[in-house]
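I would like the entire structure built from these sequences, with the hints used as guidance.
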Amino acid sequence: MNKEIFFAMPSEKRVEVVNKMLQNASLKEVADKIGIAYSTFLKEMTVGDHVYIQRDNRYYKFIREDIVNPQFDSSESYCNC
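Using my numbering, the first residue of the sequence shown is number 1479, and each one after it goes up by one.
Some hints could be false.
Heads up, simulated SDA-like pairs for lysine to any residue below, C-alpha to C-alpha not over 25 Å straight-line [what the hints assert, rightly or not]:
(1) 1498 - 1524
(2) 1521 - 1502
(3) 1506 - 1532
(4) 1511 - 1493
(5) 1491 - 1506
Using C-beta positions, here's what the derived DEER-type ranges look like [unchecked claim]:
(6) 1504 - 1543: 25 to 33 Å
(7) 1503 - 1543: 17 to 25 Å
(8) 1498 - 1533: 29 to 37 Å
(9) 1504 - 1481: 29 to 37 Å
(10) 1487 - 1535: 18 to 26 Å
(11) 1489 - 1532: 18 to 26 Å
Honestly, the hints are just simulated from the structure, not real lab data.
Since we're looking at a predicted model, the values are computed, not measured.
Glycine included, each C-beta is placed from N, C-alpha and C at the ideal position.
Structural data, given as C-alpha coordinates:
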(Lines of atoms letter the chains of each structure in order from A and count residues from 1; the text may use other names and numbers.)
(Lines give C-alpha, C1' and ligand atoms only; values in the text may rest on other atoms or scores of the structure.)
Protein backbone atom coordinates (compact mmCIF):
# COMPACT_ATOMS: atom_id res chain seq x y z
CA MET A 1 0.00 0.00 0.00
CA ASN A 2 1.26 3.48 -0.80
CA LYS A 3 0.29 6.81 0.75
CA GLU A 4 -2.19 7.73 -2.03
CA ILE A 5 -4.15 4.52 -1.46
CA PHE A 6 -3.88 4.96 2.32
CA PHE A 7 -5.41 8.45 2.28
CA ALA A 8 -8.11 7.53 -0.27
CA MET A 9 -9.23 4.44 1.62
CA PRO A 10 -12.30 4.64 3.92
CA SER A 11 -11.28 4.57 7.58
CA GLU A 12 -12.94 1.19 8.26
CA LYS A 13 -11.04 -0.49 5.42
CA ARG A 14 -7.82 1.33 6.41
CA VAL A 15 -8.02 -0.09 9.94
CA GLU A 16 -8.61 -3.57 8.56
CA VAL A 17 -5.55 -3.40 6.29
CA VAL A 18 -3.31 -1.79 8.93
CA ASN A 19 -4.30 -4.37 11.55
CA LYS A 20 -3.19 -7.11 9.14
CA MET A 21 0.12 -5.28 8.63
CA LEU A 22 0.55 -4.95 12.40
CA GLN A 23 0.66 -8.74 12.74
CA ASN A 24 4.21 -8.63 11.36
CA ALA A 25 5.37 -5.07 12.01
CA SER A 26 5.34 -2.21 14.51
CA LEU A 27 3.40 1.02 14.08
CA LYS A 28 6.57 2.81 12.98
CA GLU A 29 7.39 0.09 10.46
CA VAL A 30 3.87 0.24 9.00
CA ALA A 31 4.13 4.02 8.61
CA ASP A 32 7.50 3.60 6.89
CA LYS A 33 6.11 0.92 4.54
CA ILE A 34 3.24 3.24 3.57
CA GLY A 35 5.66 6.13 3.10
CA ILE A 36 4.22 8.67 5.50
CA ALA A 37 5.49 10.31 8.67
CA TYR A 38 4.81 8.37 11.85
CA SER A 39 2.91 11.28 13.45
CA THR A 40 0.72 11.69 10.36
CA PHE A 41 0.03 7.96 10.35
CA LEU A 42 -1.06 8.01 13.99
CA LYS A 43 -3.31 11.02 13.42
CA GLU A 44 -4.97 9.53 10.34
CA MET A 45 -5.60 6.24 12.11
CA THR A 46 -7.78 8.01 14.68
CA VAL A 47 -10.16 9.17 11.95
CA GLY A 48 -13.51 7.47 12.42
CA ASP A 49 -12.99 7.13 16.19
CA HIS A 50 -10.43 4.35 16.08
CA VAL A 51 -8.05 3.77 18.96
CA TYR A 52 -4.87 1.75 19.18
CA ILE A 53 -4.66 -0.82 21.98
CA GLN A 54 -0.99 -1.56 22.57
CA ARG A 55 -1.47 -4.86 24.41
CA ASP A 56 -3.38 -6.21 21.38
CA ASN A 57 -1.20 -4.40 18.83
CA ARG A 58 -4.25 -3.38 16.81
CA TYR A 59 -6.84 -0.68 16.24
CA TYR A 60 -10.44 -0.90 17.41
CA LYS A 61 -13.51 1.23 16.83
CA PHE A 62 -14.13 3.44 19.85
CA ILE A 63 -17.80 3.35 20.78
CA ARG A 64 -19.06 6.39 22.60
CA GLU A 65 -21.76 5.81 25.14
CA ASP A 66 -23.72 8.67 26.58
CA ILE A 67 -24.06 7.99 30.27
CA VAL A 68 -26.49 10.17 32.13
CA ASN A 69 -25.34 10.85 35.65
CA PRO A 70 -28.24 10.56 38.05
CA GLN A 71 -28.91 13.57 40.22
CA PHE A 72 -27.38 13.17 43.64
CA ASP A 73 -29.95 13.51 46.38
CA SER A 74 -28.22 14.42 49.63
CA SER A 75 -31.19 13.12 51.62
CA GLU A 76 -30.47 9.58 50.47
CA SER A 77 -28.16 7.57 52.62
CA TYR A 78 -25.77 5.18 50.92
CA CYS A 79 -24.35 3.93 54.20
CA ASN A 80 -25.92 0.93 55.88
CA CYS A 81 -24.40 1.85 59.22
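Status of the hints after comparison with the structure:
no., hint, result
1, 1498 - 1524, "17 Å, holds"
2, 1521 - 1502, "21 Å, holds"
3, 1506 - 1532, "13 Å, holds"
4, 1511 - 1493, "15 Å, holds"
5, 1491 - 1506, "19 Å, holds"
6, 1504 - 1543: 25 to 33 Å, "31 Å, holds"
7, 1503 - 1543: 17 to 25 Å, "32 Å, violated"
8, 1498 - 1533: 29 to 37 Å, "18 Å, violated"
9, 1504 - 1481: 29 to 37 Å, "18 Å, violated"
10, 1487 - 1535: 18 to 26 Å, "20 Å, holds"
11, 1489 - 1532: 18 to 26 Å, "20 Å, holds"
Comparing the model with each earlier hint shows violations of hints 7, 8 and 9; every other hint is respected.
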